[in-house]
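S.K.: Chain by chain, the residues:
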Amino acid sequence: MNDTTITIDGKEVAAEQGEMVIEVADRENIRIPRFCYHKNLSIAANCRMCLVEVEKAPKPLPACATPITDGMVVKTRSPIALQAQKAVMEFLLINHPLDCPVCDQGGECELQDISMGYGEDVSRYNQGKRSVADQDVGPLIETFMTRCIHCTRCVRFGDEISGMRELGLVNRGEKSQITTYVEKNIESELSGNIIDICPVGALTNKPFRFKARTWEMKQHATIAPHDCVGSNLMMHERRNEVMRVVPAENEAINETWIADRDRYSHFALYTPDRVTQPMIKVNDTWQTVDWATALEHTVAGLQTVIHKHGEKAVGALASQSETVENYYMFQYFLRSLGINNIDHRLQQQDFSDQSAFPAYPHMGTTFEKIEESDAVVLIGSHTRKEQPMLWHRLHKASQNGAKMFAVNPVDFNLIFAFEKNIVPESGDLVAGLTQLLEHIPEGLQSATKPVILLGALAMNHPQAATLRSLAQKLADKIGATLGLVTSGSNSAGAWLTGVVPHRLPGKQAASNEGQDAQAMLQDQKQAYVLLNVEPEFDCANTGQALQAMNNAEFVLAVNTFTTDDMLQYANVILPAAPFNEISGHMINAQGDCQQFNAAIPPKGESRPAWKIFRILAQLCQIDEIAKFMTIADVFEAAQQHIAEPEAAKWTADSKNTAPRGTIRIAEMPIYAIDPIVRRAKPLQETHDATKVQGAHINKATASGLQVNTGDAVIVSQNDNEITLSVVINDCLADNTVYIAQGLAEHKTLGAAYAPIEIKRA
Amino acid sequence: MKLNQVCFRSLEFDDPASLKTYEEKVGGYKVWRKILKEKPSPEDLIEELKKSVLRGRGGAGFPTGLKWSFMPRHLDGPKYVVCNSDESEPGTFKDRDIMRYNPHQMIEGMAIASYILGATTGYNYTRGEYWEPFQACEKAVAEARAAGLLGSNILGSGVDFELHNMIGAGAYICGEETALLESLEGKKGFPRFKPPFPANFGLYGRPTIINNTESFASVPVILEKGADWFLNVGTERSGGTKIFSVSGHVNKPGNYEVPMGTPFKDLLELAGGMLDGRKLKAVIPGGSSVPVVPADIMMETNMDYESIGKAGSMLGAGSVIVMDETTDMVKILARISEFYDEESCGQCTPCREGTGWLSRTVHKVLHGQGTPADLDLLQDVSNNMMGRTICALADAAAMPVLSFIKHFRSEFDALVKK
Amino acid sequence: MSDAYLLSDELKKEIDHWVAKFPIDRKLSAVIPAMNMVQDLEQHVSEPMMDAIADYLGVPRIAVYEVGTFYTMYDLKPRGKHRIDVCTNVSCMLRGSDEIMGHLKNRLGVDVGETSKDDMFALRSVECLGSCGTAPMMQIGKDYHENLTPKKVDEILDKLKGEA
Ligand SMILES: Cc1cc2nc3c(=O)[nH]c(=O)nc-3n(C[C@H](O)[C@H](O)[C@H](O)COP(=O)(O)O)c2cc1C
Ligand code: SF4
Ligand code: FES
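Protein chains in written order, with the working numbering: chain A, 1 to 761; chain B, 762 to 1179; chain C, 1180 to 1343.
Keep in mind that the hints were calculated from the coordinates and are not lab data. Just so you know, these numbers come straight off a predicted model, no measurement behind them. Be aware that a few hints might be false.
[What the hints assert, rightly or not] Lysine-lysine pairs mimicking BS3-like chemistry, simulated, CA-CA at most 27 Å apart: (1) K603/A <-> K211/A; (2) K811/B <-> K763/B; (3) K900/B <-> K1191/C; (4) K1206/C <-> K900/B; (5) K655/A <-> K473/A; (6) K948/B <-> K175/A; (7) K86/A <-> K900/B; (8) K1125/B <-> K175/A; (9) K1167/B <-> K59/A; (10) K59/A <-> K955/B; (11) K1206/C <-> K948/B; (12) K955/B <-> K39/A; (13) K1284/C <-> K1092/B; (14) K1092/B <-> K129/A; (15) K1206/C <-> K1321/C; (16) K175/A <-> K1256/C; (17) K900/B <-> K1321/C; (18) K1321/C <-> K948/B; (19) K1206/C <-> K184/A; (20) K1256/C <-> K948/B; (21) K86/A <-> K1167/B.
[Claimed, not checked] Chain B regions said to be covered by chain C (calculated; three or more residues, Cβ under 8 Å): (22) 842 to 853; (23) 887 to 897; (24) 925 to 933; (25) 996 to 1009.
[What the hints assert, rightly or not] Cβ-to-Cβ under 7 Å is the rule here; a few derived chain C residues that face chain B: (26) V1210; (27) I1211; (28) M1252; (29) L1273; (30) C1307.
All residues carry an ideal CB built from backbone N, CA and C; glycine is no exception.
Using the sequences and the hints, build the whole thing.
M.R.: Structural data, given as structure tokens:
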């Protein structure tokens, strides 16, 4: 480290062998202009903007591609350097439209910024400018290719980061063009990043187009609420309305990237079904009321049920993406009333080993360390769509030569090549994992830093406990770190604050163990309390959950949005402010407890959920509630329970038997994962959102049923039948039918990995 | 003057491209067989090459022995030998004839290189349009393989060398060595930033030696006759012979392999003198990329690296374009500039934007629409392109502009003053 | 979905022959020869054929489009049966390529970049083809025609027309 000294602009600075001049300069805050260089992409050295003078070199050298040597003397602003930079700027501008006033990039354009310092007032170029046709590349990105300066950052991004070569540089010379060549959507789930890396306004944010100028917006740091990566975001807001979201740099978490889900989900925040006023149902009609009335109504409703049927008659479900503070007050309020049926594990089906869980589920390693692993085993994990930024680290590991293995219910396209990818029949992951365990491939056996990850499709499997214990055996055999990758953004926080039926905050066993999410739905309660849960979309067995809601006497929804069904089954809807309108903490898969503040005030009458539960507690005359005056008080109470990650030891087996026969495979698709993304229009227009519709079966199953893609089939689960259109997809195993969860059309169906009947319509 | 002593030594025989002629008449593959048998130390062979002062014949003139000494010979894993037969520099047509008439010598040169460098695979990359030369090389490789001179465990020596001919699809830039490697990898010909040089990071990221066809074809003769012999044929700092491709206004255009240092006068005479007895106006001595030299200077210049350098130009690939007194220099420059505009890969800003700017401006001048300011602009833009890009194509585009305006300013002035 | 089925078995075999010349994980290297063979067979390389090659080699389609649009020998759209590539670079120019080009334009009734009405000949002006010693010259298909005169050009075209 820092074994070398170089001089930049007269300043002697420490540097490391192998570093490029620009890296050292950046560290020292010596700003060298650049367009093609991006620290998280390979070096192209094609824009030539970063030319600097290096003593003893006969000509200016590109700082981005010139490795330092001991004693090197670099001048970034000498006449030679400036002349070279100015010349490059002139070349860049001859074909660049001067439309900054109408360009979406105006005000944050690297070309505009840098040219201010160099541009000649009068261009010496008086020939026609090049113009390039634009392309429709889908709902998320707008192109304006005449502005492109051919830095190839976007192309390298596809090659190196998204793993999908979608954009290319075609033609040559002056006619070079960035394009998909054939008219087609850019489909990577990380695609929006090319908007940020494009230094000019060639690739811009389509839904944001013409919405606001950069200088009109204020930015606020926040945390992405859709998965357990906890990507750092900057939210840009104008007059209390979120205009757009961009990444905030955090090398340890999301580097400089974010997933499209995090970038575009904010478009859901202002949909018509957003609740901004407390609502109560009186005589089957909804009334918008003031808070006092609504709260009174709530307390009365709950107390009536408790009076009539006892505390056990109430079930409480929270989403998987609440803040620590929301979770804490949620369970505090409920437990104060003696309600113990509390859970957030909405999609899980196997709870047999819940008491063996560590304080909270953890990935067992860090995002950065994953890159260094030499073998990775994914068990039930569609990582690329579940946690795109975690997938990115795995992709890097694979690019670094790690051998990849998987046991998955579907042969998901994860882009990196698998050494072994087991896709068992009937979704029998236990059989698949057993097979891997019994014949451990050489590449895994010999790995020195292997990592095993269990994803949502393993966590939500009816034999999840067995999968964990088998994974444990494998980990012990090969000396791997074993981790769980949970759904939602803060399952860790939910565990730590006791939003599980068997534990109080801080891993203390509950003296009165409540029922888990499945049991309390199966068992039909008289009342339910929901925190940002839409049971007909979010639960493992949506058909059963919907029925439970419909049959309940009293349903309280503390939610950001309503659904059609909710308006039927709920009795009170209290407007909970979404993540961007509240402050709080979330804990990601590697155990970072990240704090964030509200970007804008809650819309209308909405309130942070923790405040809603506090005031409910007050109204229920819970004595100690007075100590929770501020959010800091709540966090302080919760914080003492936030422990370092502990290593788990999984030994228990599941009580459930292996799925047999024709089985439904289901996942929460990337753009159906929570109430916010389900409403984000730009995301719903992507191929990722539409391609998960229908009943997917493989060729063999299709020919058995004598159906083809597009034909109608009738599928049934829970004694409910629905008609779907067939998609033939050879990524599916025999005896499996993929029907996504989280989609309105599928809500009456049952659980994943459960038998399903399918027949020709 | 003795002609055809090195690369064209098979030309005097019938069926010069055949293995039979090469082995029996020319005495080819003698060095290769000897190496296989005696396994001399690669270091000694490199020393011999260094001593011969063989300089790369592809254009840059880098000493071949020195280049080979940079290759990490002892590194494990695949290493490659690549022959640059892309030959697309306007005015150049020598490699085509080596491939058509003496391909085995190129193959022997590559085989020797593979031994010296510890490579077991070689590719000869021919430009896409050279179907006939490519076929000639395919035939020769097949012959050599059948004779057991290529392949694995060659002649029982334990030495392996597999050689493949590869063909491009039309792109001047693929003559630039790193662009060629990209093209061999199945990509566009985008030159790579150097360092790292191909010797360390070449084909598929592996150590690679890449040389011109004529360079490889010179190696067997050097090792057969000795470095001293080769050096003595040429000049002190430009060893050996060189094939000059003479084109343009001469009576007998064609390839002439003559000793380095041959006076231009003599070369012109070999090429039959000026067409129709007209007067010489100017010569581009090394392919369209190098500065043009006016007649009077050229007539006093010898054909070797140093002398042509002193005359203000470069020997380049030895492509001698001869222009007589009737030649419209602005029109020639316009055509040359158009060429670089057409062939720029488009990767680096100054080249992508500058080549078109230059070409359009020269054409403007040619068509009488230019202004005196345009001539200054041309020089300014050229200077702003030189030395500012990944590869030398931008320099190649700029140098003709600067030299044509410098030496033939009056012709340009006449057009802009009209 | 893979479009590789568009390639004939024979072509696949020839592509395999090229693939075998390169390391196994470097199939992209065979893209140029594969495209050349398709161009030879069909006089152009259509988008579906580029897709087919990409899918057959298992490389991203855009990588093949990049190659197809970069190299000058590929026609991505159908053009006449014979493509006449006339070198107009300096050495040929000095030896009268203007005259040859003028003659061709007249005879075919087309401008550079166009195809004759009978779809027989497409005319292009190309960069130096390395035949400067035998200038002026043109390439038709794989063949070089050197030391051209208008008369010689006529003979060549007549012969090609006769073959049709
Ligand atoms: C634009 C450009 C075009 C070139 N074209 C050729 C070529 O056609 N043939 C060739 O041998 N070298 C060509 N070169 C030079 C090669 O980059 C390289 O220097 C050469 O192949 C090295 O071989 P040598 O040392 O044997 O000359 C070209 C260089 C540039 C910058
Ligand atoms: S579109 Fe933007 S990122 Fe891509 S090459 Fe052009 S300027 Fe660079
Ligand atoms: S930033 Fe260095 S060349 Fe582009």
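S.K.: Hint by hint, note whether the structure agrees.
M.R.: Hints, one by one, checked against the model:
1. K603/A <-> K211/A: Judged against 27 Å, a Cα distance of about 19 Å means the pair holds.
2. K811/B <-> K763/B: The hint holds at about 24 Å.
3. K900/B <-> K1191/C: Holds - the C-alpha atoms of K1191/C and K900/B are around 23 Å apart, at most 27 Å.
4. K1206/C <-> K900/B: 24 Å, holds
5. K655/A <-> K473/A: It holds: about 18 Å lies between the C-alpha atoms, which stays within 27 Å.
6. K948/B <-> K175/A: 17 Å, holds
7. K86/A <-> K900/B: 53 Å, violated
8. K1125/B <-> K175/A: 20 Å, holds
9. K1167/B <-> K59/A: 22 Å, holds
10. K59/A <-> K955/B: 14 Å, holds
11. K1206/C <-> K948/B: 11 Å, holds
12. K955/B <-> K39/A: 19 Å, holds
13. K1284/C <-> K1092/B: Given that 27 Å is the threshold and the Cα spacing comes to 21 Å, the pair holds.
14. K1092/B <-> K129/A: Distance of about 24 Å is within 27 Å: holds.
15. K1206/C <-> K1321/C: Between K1206/C and K1321/C the Cα gap is close to 25 Å, so the pair holds against 27 Å.
16. K175/A <-> K1256/C: 18 Å, holds
17. K900/B <-> K1321/C: Holds, at about 17 Å.
18. K1321/C <-> K948/B: Holds, at roughly 23 Å.
19. K1206/C <-> K184/A: 25 Å, holds
20. K1256/C <-> K948/B: 21 Å, holds
21. K86/A <-> K1167/B: At roughly 25 Å apart (the allowed maximum being 27 Å), K1167/B and K86/A satisfy the hint.
22. 842 to 853: Satisfied; 6 residues make the cut.
23. 887 to 897: Held - the region 887 to 897 of chain B has 6 residues with a Cβ nearer than 8 Å to chain C, which meets the minimum of three.
24. 925 to 933: holds (count 8)
25. 996 to 1009: Coverage by chain C holds for the region 996 to 1009 of chain B (4 residues, Cβ < 8 Å).
26. V1210: Hint holds; V1210/C Cβ to chain B Cβ min 4 Å, cut 7 Å.
27. I1211: 5 Å, holds
28. M1252: Holds, because the Cβ-Cβ distance from M1252/C to chain B comes to roughly 4 Å (cut-off 7 Å).
29. L1273: OK, holds: L1273/C within 7 Å of chain B, min 4 Å.
30. C1307: 4 Å, holds
The structure shown violates just one earlier hint, number 7.
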